[in-house]
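Work out the full structure, taking the sequences as your base and the hints as a guide.
Chains as they are written, first to last, in the working numbering: chain A, 1 to 99; chain B, 1 to 117.
In short, the hints are calculated from the structure, not lab data. Careful: at least some of the hints might be erroneous.
Claimed, not checked - Over the 12 Å line for every Cβ pair with chain B, so calculated as not near, a few chain A residues:
(1) H10
(2) L19
(3) L60
(4) Q65
(5) A66
(6) R67
(7) V87
(8) E88
As the list claims (entries may be wrong) - From chain A, some residues computed to sit far from chain B (all C-beta separations above 10 Å):
(9) A16
(10) R20
(11) G25
(12) V62
(13) T76
(14) T79
(15) H93
Stated by the list, open to error - Distance ranges between label pairs, derived from CB positions:
(16) A/E49 to B/Q16: 27 to 33 Å
(17) A/T79 to B/K58: 27 to 33 Å
(18) B/H80 to A/V62: 18 to 24 Å
(19) A/N82 to B/K48: 21 to 27 Å
(20) A/S13 to B/K2: 20 to 26 Å
These figures come from a predicted structure and were not determined experimentally. We put the beta carbon where it would ideally sit given N, CA and C, even for glycine.
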Amino acid sequence: MLHILRHSPHAQSCFASCLRTINAGQSLLLIEDAVYGLFPGTSSRSALEYLPATVRLYALDVDLQARGLALDDVPTRATIINYAMMVELTVEHRKVVSW
Amino acid sequence: MKSLLVISRHPPTRRQAREALDVVLSAAAFGVPCGILFMDDGVFQLLKGQDAALIDQKSLAANLQALSLYGVEDILVCQHSLGERGLQVSQCILDARVMNNAELAGLIEHYDQVLSL
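Dropping the structure here:
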């Protein structure tokens, strides 16, 4: 299953709700304001880093760069992807949940 | 004339971010003594190194730079909100004054009108 998260971790409860419901072996893609969750030194980043190792974590490149987060500052467990790869992800996964 | 404080609480991608700047710039253009406080996700507006064109949006940088040109007296940023987001005031594009919680309470008392967007 692919979870797509698009809201800032600070403004909406869906960031926390998504992290609570995600299961081992699933995928999580951060787009739009959800990429703020990867900023260094935040509790949301720790929460993402402590997800089970089998959860695959992705983030959209342009959304990171547009918001001023350098791609080098993204944690190593997150895979940076572009729009084309996002489409592939949604096709690969049998089910997609948009938060 | 009554003074106006605008509290800008939305990230730069939201229309409310631009609207808060429009309100404060318009008020300043009419000679209203005003200030803007960046709080909650609003502090992300100030972050250096953003490239809004990548997501087909217009950068807020020009509007932010206009604040001092229009005579907006107080350009303020909430210390707690910066800290929560792992940000330092040195990462801000504007020379914003950092306010702690006690100072914020005094600030809101000080202004005649307060608008939170």
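Going down the list of hints, with the structure as the test:
no.	hint	in the structure
1	H10	violated (5 Å)
2	L19	holds (17 Å)
3	L60	violated (9 Å)
4	Q65	violated (5 Å)
5	A66	violated (4 Å)
6	R67	violated (6 Å)
7	V87	holds (17 Å)
8	E88	holds (20 Å)
9	A16	holds (14 Å)
10	R20	holds (20 Å)
11	G25	holds (29 Å)
12	V62	violated (4 Å)
13	T76	holds (17 Å)
14	T79	holds (18 Å)
15	H93	holds (23 Å)
16	A/E49 to B/Q16: 27 to 33 Å	holds (30 Å)
17	A/T79 to B/K58: 27 to 33 Å	holds (29 Å)
18	B/H80 to A/V62: 18 to 24 Å	violated (30 Å)
19	A/N82 to B/K48: 21 to 27 Å	holds (24 Å)
20	A/S13 to B/K2: 20 to 26 Å	violated (36 Å)
Consistency with the previously given hints fails for numbers 1, 3, 4, 5, 6, 12, 18, 20, ordered from lowest to highest.
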